[in-house]
Amino acid sequence: EPEVTQTPSHQVTQMGQEVILRCVPISNHLYFYWYRQILGQKVEFLVSFYNNEISEKSEIFDDQFSVERPDGSNFTLKIRSTKLEDSAMYFCASSEGPQGGYGYTFGSGTRLTVV
Amino acid sequence: AQKVTQAQTEISVVEKEDVTLDCVYETRDTTYYLFWYKQPPSGELVFLIRRNSFDEQNEISGRYSWNFQKSTSSFNFTITASQVVDSAVYFCALSEDSGGGADGLTFGKGTHLIIQP
Chain A
1 EPEVTQTPSH QVTQMGQEVI LRCVPISNHL YFYWYRQILG QKVEFLVSFY
51 NNEISEKSEI FDDQFSVERP DGSNFTLKIR STKLEDSAMY FCASSEGPQG
101 GYGYTFGSGT RLTVV
Chain P
1 AQKVTQAQTE ISVVEKEDVT LDCVYETRDT TYYLFWYKQP PSGELVFLIR
51 RNSFDEQNEI SGRYSWNFQK STSSFNFTIT ASQVVDSAVY FCALSEDSGG
101 GADGLTFGKG THLIIQP
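Same order as they appear, the protein sequences are chains A and P. Mapping to my numbering: the first sequence position 106 is 106, numbers consecutive. Mapping to my numbering: the second sequence position 60 is 60, numbers consecutive.
Check each hint, because a few of them may be wrong.
[To be verified] Taking lysine-lysine pairs in the DSSO-like style, the calculated list, with each CA pair at most 30 Å apart, reads:
#, chain 1, residue 1, chain 2, residue 2
1, P, Lys16, A, Lys57
2, P, Lys109, A, Lys78
3, P, Lys3, P, Lys38
4, P, Lys3, A, Lys78
[Unchecked claim] Listed next, with one range per pair, are the computed distances between beta-carbon atoms:
#, chain 1, residue 1, chain 2, residue 2, range
5, A, Gln11, P, Phe47, 18 to 28 Å
6, A, Gln14, P, Gly62, 42 to 52 Å
7, A, Pro2, P, Tyr64, 15 to 25 Å
8, A, Val115, P, Asn52, 35 to 45 Å
9, A, Gln64, P, Lys70, 36 to 46 Å
10, P, Ser71, A, Thr113, 37 to 47 Å
11, P, Ser71, A, Pro70, 43 to 53 Å
12, A, Pro70, P, Glu56, 19 to 29 Å
13, A, Glu85, P, Ile11, 27 to 37 Å
14, A, Thr5, P, Val85, 21 to 31 Å
15, A, Asn51, P, Thr30, 22 to 32 Å
16, P, Ala1, A, Gly101, 38 to 48 Å
17, P, Val84, A, Asp63, 40 to 50 Å
Treat the hints as calculated values from the structure; they're not laboratory data. We put the CB at the ideal spot given by N, CA and C, even for glycine.
Start from the sequences and build out the full structure, keeping to the hints where you can.
Printed below as a string of structure tokens:
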């Protein structure tokens, strides 16, 4: 069964550093998403991406964050100048279509620790 | 705006007991989708079920069953004859069909289910 692949599984970074989280969505999917889960809390929507541009974004997704599809396979989330409160699990997801009827396939997540 | 409420923060039962996890949602859309995900201690999100707003038929999958009631805006999940391997955090989630952009999922806060041997 096709999978969404996220790398690395765990990343430790110094406060103030930039970090790039990487995702390889399922090849025939067109819509891509990033979610964040702070430890012990709920999963929160950050951003969706379609046709090489942001489709929707939440209040969390401020100027510190950016997303990119640099080539035909990768989908990245960049966090500039990381803060301690950015420590969380970040999930990438992809889907064939824009609505929930198409379902979402989640990756296994990248645990980001900012020290 | 949409909202998902899982009022039960933690539930602890003894193995083989039945347990129901509650989910109440709010949306202004007439077309929407409801999901349940399981998050085991390893951290990944495991998809369990997707339901659209026009399909109120209850579903059973092995020991799992789901009760969707639009009249009460609820989508409850029951595990029959629980097992230790069912121990996890369970999230209910909602996706609206706004007809516009790619809407993501709105998750509830999750219910931590502990099955004791």
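Open item on the list: Can you tell me whether the CB distance of proline 70(A) to glutamate 56(P) sits inside 19 to 29 Å?
Closed with: violated (44 Å)
Open item on the list: Checking one constraint from the list: CA of lysine 16(P) to CA of lysine 57(A), max 30 Å. Satisfied?
Closed with: violated (43 Å)
Open item on the list: Please check whether glutamine 14(A) and glycine 62(P) have a Cβ separation lying inside 42 to 52 Å.
Closed with: Given range 42 to 52 Å: holds, Cβ gap about 47 Å.
TODO: Could you say whether the range 22 to 32 Å given as a hint is met by the Cβ separation of asparagine 51(A) and threonine 30(P)?
DONE: holds (27 Å)
Open item on the list: Taking the Cβ atom of valine 84(P) and the Cβ atom of aspartate 63(A), is their distance within the range 40 to 50 Å?
Closed with: For valine 84(P) and aspartate 63(A) the Cβ distance comes to about 46 Å; the hint holds.
TODO: Could you say whether the range 35 to 45 Å given as a hint is met by the Cβ separation of valine 115(A) and asparagine 52(P)?
DONE: Given about 44 Å between the Cβ atoms, the range holds.
Task: Outcome of range test on Cβ distance (glutamine 64(A), lysine 70(P); 36 to 46 Å) - done: Hint holds: Cβ distance 39 Å, inside 36 to 46 Å.
Open item on the list: Verify the CB-CB distance for alanine 1(P) and glycine 101(A) against the hinted window 38 to 48 Å.
Closed with: violated (20 Å)
Open item on the list: Quick check on a hinted range of 15 to 25 Å for proline 2(A) and tyrosine 64(P), using CB atoms only.
Closed with: This hint holds: roughly 24 Å between Cβ atoms.
Task: Restraint check for lysine 109(P) with lysine 78(A), where alpha carbons must lie at most 30 Å apart - done: holds (26 Å)
Open item on the list: Can you tell me whether the CB distance of glutamine 11(A) to phenylalanine 47(P) sits inside 18 to 28 Å?
Closed with: holds (25 Å)
Task: Cβ distance range 21 to 31 Å for threonine 5(A) and valine 85(P), holds or violated - done: holds (25 Å)
Consistency note: the structure conflicts with the earlier hints numbered 1, 12, 16.
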